[in-house]
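**Student:** Residue numbers (numbering that gives the first Met the number 0), protein chains in the order written: chain R, 0 to 348; chain D, 0 to 603.
Everything labelled a hint here was simulated from the structure, so no lab data went into it.
Just so it is clear, CB atoms sit at the ideal spot from N, CA and C, and this is done for glycine as well.
A few of these clues could be false.
[To be verified] Think about it this way: if two alpha-carbon atoms lie no more than 20 Å apart in a straight line, the pair counts; the simulated PhoX-like pairs of lysine-lysine are: (1) R:Lys274 - R:Lys287; (2) D:Lys67 - D:Lys426; (3) D:Lys31 - R:Lys88; (4) D:Lys5 - R:Lys31; (5) D:Lys291 - D:Lys315; (6) D:Lys74 - D:Lys57; (7) D:Lys343 - D:Lys31; (8) D:Lys5 - R:Lys321; (9) D:Lys315 - D:Lys74; (10) R:Lys274 - D:Lys307; (11) D:Lys426 - D:Lys343; (12) D:Lys426 - D:Lys117; (13) D:Lys281 - D:Lys83; (14) D:Lys31 - R:Lys263; (15) D:Lys307 - R:Lys263; (16) R:Lys274 - R:Lys263; (17) D:Lys307 - D:Lys126; (18) D:Lys117 - D:Lys533.
[To be verified] So the derived label-pair ranges between C-beta atoms look like this: (19) R:Tyr58 - D:Ala302: 32 to 42 Å; (20) D:Cys111 - R:Gln168: 25 to 35 Å; (21) D:Ser1 - R:Arg113: 52 to 62 Å; (22) D:Cys111 - R:Val272: 51 to 61 Å; (23) R:Gln168 - D:Asn114: 53 to 63 Å.
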Amino acid sequence: MSRIAEWLAERVPVSGAQLHELTNEPVPNHLKRWWFCLGGTPAYLFVVQIITGILLAFYYQPSATTAYDSIAYITDHASYGWFIRSMHKWAATFMIAAVILHQMRVYFTGAYRRPREINWLIGMCLLMCTLLIGFTGYSLAFEQLSYWGATVAANISDAVPVAGRFAKQMLLGGDSYNERTLSRFYILHAAVLPATMILLIAIHIMFIRLHGVSELQAEEESDDAPRHFNFFPDHLLTEITIGLVLMILLSAISTIFPVMMGPKADPLTTPEVIKPEWWFYVSFRWLKLFSLSFAVLSTGFIVGAMFLWPWIDGALRKITGKEEISVYIGIVATLLLVGLTVWEAVVTH
Amino acid sequence: MSLRAKQIIIAILGFIFLLSLVFVQWVEVTRKQEEAGLTAHHVAVPMTSRQCVECHAKSSPGIIDHWKGSTHAVKGVGCVECHKAAPVDVDAFAHYGHTIATVVTPRDCGHCHQNEHKEFERSHHAKAGNILASLDNRLAEIVEGFREDVTDEEGNVIESLTRFNPHSPTPGMAIDTVNGMASVNVGCKQCHGSKVALEGTDGSLITVEQLKPDATGKPTNPDAVALIKHDASGRPVLSPSSWPNTGIGRLNLDGSLGSCSACHSRHDFSPRRARQPENCGKCHLGPDHPQKEIYEESKHGVAFRDLKEHMNLDAKDWVLGRDYTQAPTCASCHMSANMLNGEKITHDPGERLSWTNRPPVSAVMDTDINGKVVKETDPVKRREMVTSTWQDKRQNMQQVCLHCHTQNYVNSFYKQYDDFVVNYNEKFAKPGQAIMGALTSNELISKAQFDDEIEWTWFYLWHHEGRRARHGASMMAPDYAHWHGMYEVAERFYQELIPQAREIAEHGAAAGRGEQAEAVLAVIDEILARPEHKWFEKNKIKFTGDHAAVHEEIADGPDKTETAASDSTAPAADEEASEAAKSDSDVSDSDSSSGSSDTSSSTP
């Protein structure tokens with residue numbers, strides 16, 4: 000046994016103490032409460048997506064003639080195909096919801112402030128990647144709504160000044176949806192975006208390790224009490240519990256509400272109601288409220304502002320002198336997000 | 000701001016976000032389930048019907064299953080709501096604590112669906128049962144089956160015998176007598192509707208005629224009610240000669256007309272099914288009015304078959320122009336709502352018809368207050384009687400057409416259609432009617448129908464071929480308008496009706512009825528002298544002469560026979576030969592072949 004350990008230590012020169020140091024991030028006390036530990040859920044779900052995604056990729060054939068039928072095969076014939084597909088779809092919904100909740104927590108607690116501005120930027124990049132991977136994944140289904148959703152999205156992209164037309168052509172592989180479009184979506188969805196996200200998540204975690212988790216001190220805590228506890232085993236146990244509850248929830252919802260097949264994409268028949276997936280409801284409703292160019296420009300402005308928020312927040316605090324100005328803006332933004340999403344969900348047009 | 004305050008803000012906003020997410024997902028899942036056609040709607044079994052559902056789920060599970068798929072089930076309309084009856088209703092009986100009736104009539108449906116009931120009642124559909132004393136019915140009762148009327152000395156029918164005695168045994172089945180009206184019951188009445196009858200204790204049948212119901216549907220003749228036979232469980236016995244029946248013009252015991260289940264199949268009452276042409280095809284098909292086949296041949300039917308899955312057939316209101324535009328079905332044009340008529344549905348298909356092509360001669364659909372086609376010819380009187388003009392009705396139909404066609408297109412279509420109908424009316428229908436009228440009024444054929452060959456000929460001409468032609472034109476099915484229609488009308492007219500009428504006249508003349516025969520032949524000649532018929536006999540080669548002499552010629556030798564035969568079969572005889580044949584015919588006698596004789600031949 001010791002010979003094996005020796006052999007291994009020679010080839011992987013990391014000592015037990017170093018390993019302990021590397022993994023045992025001192026965890027701030029507030030993370031003893033489970034509801035502060037949700038930052039890990041997007042990562043957890045990302046792993047679920049990779050596993051279920053690989054299983055789905057065994058069967059999926061990304062071309063206009065075969066895509067729909069291959070998904071129908073997964074759903075109706077492949078063993079547990081319907082379950083894997085449902086897990087993949089519901090995990091996507093959960094993941095986006097978890098990312099938004101995580102970002103809300105970071106925002107309202109001001110965790111993006113100096114010195115963590117760069118990690119906020121990386122988080123924003125992850126958010127964009129998550130939305131994009133959701134969009135490309137939905138388009139792969141080649142159902143009426145996903146097909147027309149993609150077409151509408153491409154046309155919206157076209158309205159973006161300067162780079163819009165190029166972006167559209169890059170996305171669709173031409174001026175309109177064609178037989179080469181699906182393979183682009185597929186490569187983006189199954190290779191480019193996941194690889195980018197893995198890289199970004201690694202940097203995101205690396206920055207957390209470098210800066211440490213931002214610490215929140217509750218009023219009732221005395222200043223001299225220990226401010227940290229061990230990652231292993233205390234915090235890991237909490238994470239495992241959360242992960243298990245998440246898996247139970249995910250598999251239950253996938254079984255009760257399995258994903259079904261919508262009508263197959265028909266480029267000649269525009270459906271009366273075109274809807275994107277729910278995470279784009281907010282921007283879709285925004286689009287319908289204003290002219291296309293205004294909506295596109297304002298969306299670009301809002302996304303830009305979100306990226307630069309740590310600095311905008313700093314400037315606002317300086318100008319107004321109010322420390323918590325961002326909280327009030329955040330409340331309005333969240334209510335707007337919820338309101339527009341629900342609005343789009345309930346109307347047919 | 001304290002950390003606690005921020006925690007509360009995050010908790011509240013997070014909760015709102017999650018709640019909205021659950022709601023959005025619920026909406027999404029419901030929408031996708033609907034899209035996939037998997038929406039299992041909630042069934043609300045009302046307390047009053049709980050026992051019915053439990054018991055019938057075992058004894059007749061199909062009925063319960065069908066009902067569970069209906070909108071009634073969702074809205075809590077159960078068995079009792081439709082089947083309940085008042086104790087005074089003649090067909091009512093006690094059934095596990097409820098007083099119910101088997102037959103649900105439009106009056107029952109009308110308790111909730113008042114407008115639909117009113118529209119239906121004034122429709123031609125509701126009056127379809129009136130056929131029971133018509134020509135078609137005589138065909139099925141007497142010609143196809145068995146009915147013998149026993150009359151008194153004055154010729155009044157005192158009894159109709161309809162029990163048919165088989166002439167030989169059916170091995171394996173003990174049969175005494177069968178109903179001679181079987182063809183009517185199984186054929187005519189299943190579309191047109193039966194006169195619902197209860198069996199009487201004296202063997203008679205008790206119908207709406209004997210019961211004389213008042214305006215509320217309650218019987219006013221206690222003697223007839225007292226005669227009703229009940230089975231061991233106390234249930235009035237419905238005569239199998241009239242029930243089961245879902246004919247659209249059924250004459251119900253409560254005095255109401257029709258049957259809603261003719262189109263809205265009973266227990267599930269599927270609107271989806273009623274919107275599809277197959278539903279109408281139960282009755283509107285076949286040799287005499289192949290509307291279903293005509294529709295299938297038309298561009299409308301072809302588009303429907305192709306695009307059916309996009310037609311949104313499950314939509315709540317199914318409004319043309321909003322819920323679908325792919326193709327029209329029978330319902331789209333004749334009944335359903337559309338964007339241009341203010342989304343108004345009608346249960347009177349006659350509201351959109353400008354011609355009636357049912358009778359021998361088509362008439363425009365000027366209708367009176369009772370919805371009957373006005374036959375008055377005096378313009379002033381006619382104007383007084385008409386409450387709804389054919390132009391109104393055409394406009395109603397054009398509102399449907401205009402969803403997919405321009406006004407110019409629609410106007411030109413109607414011009415083609417009008418020309419076609421008038422052409423049929425004037426060239427064949429009215430002349431045919433005149434010839435048949437002349438034969439009957441001159442007593443060269445009997446008044447009884449279908450005992451003379453020419454009556455079958457005339458019936459085929461207008462009832463089968465004439466309708467096919469007109470319906471084909473009305474619904475843009477060229478093959479039905481022409482080959483199955485006008486071609487056969489023309490062939491029947493020239494090759495059968497005219498020769499048969501002449502032959503009857505000649506036989507009449509031979510039997511000493513010269514004057515009457517001459518009157519009939521005068522009618523025929525006047526018709527054939529019209530410009531549109533001139534072509535028929537203008538160039539015809541006519542053969543005359545003594546038949547005996549021809550026989551002699553044949554007996555004399557082959558050479559002469561050949562000459563005679565080649566002459567008689569020459570199809571392209573030149574002008575001279577034709578003229579000669581004509582002059583020959585002028586001196587022909589009554590022995591000459593019937594097809595080529597003219598008026599002079601009728602003089603004995």
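**Student:** It remains to establish, for every hint, whether it holds in the given structure.
**Tutor:** Going through the hints against the structure:
1. Annotation: proposed proximity of Lys274 (chain R) to Lys287 (chain R) holds, straight-line Cα distance about 12 Å (limit 20 Å).
2. Between the alpha carbons of Lys67 (chain D) and Lys426 (chain D) the distance comes to roughly 55 Å, so the proposed pair goes past 20 Å and is violated.
3. Taken as a hint, the Lys31 (chain D) and Lys88 (chain R) pair is honoured in the structure, with Cα atoms around 13 Å apart against an allowance of 20 Å.
4. Using a Cα cut-off of 20 Å, the hinted pair Lys5 (chain D) and Lys31 (chain R) holds, with the two alpha carbons roughly 18 Å apart.
5. Taking the CA atoms of Lys291 (chain D) and Lys315 (chain D), the gap is about 25 Å. The hint is violated against a cut of 20 Å.
6. This hinted pair does not check out: Lys74 (chain D) and Lys57 (chain D) have alpha carbons roughly 23 Å apart, beyond 20 Å.
7. Distance restraint check for Lys343 (chain D) and Lys31 (chain D): the Cα-Cα separation of roughly 30 Å exceeds the 20 Å cut-off, and the hinted pair is therefore not satisfied.
8. Simply put, Lys5 (chain D) and Lys321 (chain R) have alpha-carbon atoms about 15 Å apart, close enough for the 20 Å limit, and the pair holds.
9. Only pairs whose Cα atoms come within 20 Å are accepted, and Lys315 (chain D) paired with Lys74 (chain D) is accepted, the gap being roughly 14 Å.
10. Distance check on the hinted pair: Lys274 (chain R) and Lys307 (chain D) sit about 23 Å apart at the alpha-carbon level, beyond 20 Å; violated.
11. At most 20 Å may separate the alpha-carbon atoms for a hinted pair to count; Lys426 (chain D) and Lys343 (chain D) exceed this at roughly 39 Å.
12. A C-alpha spacing of about 39 Å is found between Lys426 (chain D) and Lys117 (chain D), which places the hinted pair above 20 Å, so the restraint is violated.
13. Only pairs whose Cα atoms come within 20 Å are accepted, and Lys281 (chain D) paired with Lys83 (chain D) is rejected, the gap being roughly 29 Å.
14. Our distance criterion of 20 Å between C-alpha atoms is met by Lys31 (chain D) and Lys263 (chain R), whose separation comes to about 13 Å.
15. Under the criterion of a C-alpha separation no larger than 20 Å, the hint pairing Lys307 (chain D) with Lys263 (chain R) is consistent with the structure, at around 15 Å.
16. Using a Cα cut-off of 20 Å, the hinted pair Lys274 (chain R) and Lys263 (chain R) holds, with the two alpha carbons roughly 15 Å apart.
17. For the suggested pair Lys307 (chain D) and Lys126 (chain D), the alpha carbons sit about 32 Å apart, so the restraint of at most 20 Å is broken.
18. At most 20 Å may separate the alpha-carbon atoms for a hinted pair to count; Lys117 (chain D) and Lys533 (chain D) exceed this at roughly 51 Å.
19. Distance hint for Tyr58 (chain R) and Ala302 (chain D): a CB-CB separation of about 36 Å, consistent with the stated range 32 to 42 Å.
20. Range check, Cys111 (chain D) to Gln168 (chain R): about 59 Å between beta-carbon atoms, so the 25 to 35 Å window is missed.
21. Checked against the given bound of 52 to 62 Å, the beta carbons of Ser1 (chain D) and Arg113 (chain R), roughly 21 Å apart, lie outside it.
22. Distance hint check: the CB atoms of Cys111 (chain D) and Val272 (chain R) are about 31 Å apart, inconsistent with the given range 51 to 61 Å.
23. Roughly 56 Å separates the CB atoms of Gln168 (chain R) and Asn114 (chain D), a value that falls within the hinted 53 to 63 Å.
The structure fails to meet hints 2, 5, 6, 7, 10, 11, 12, 13, 17, 18, 20, 21, 22 from the earlier list, while all remaining hints are met.
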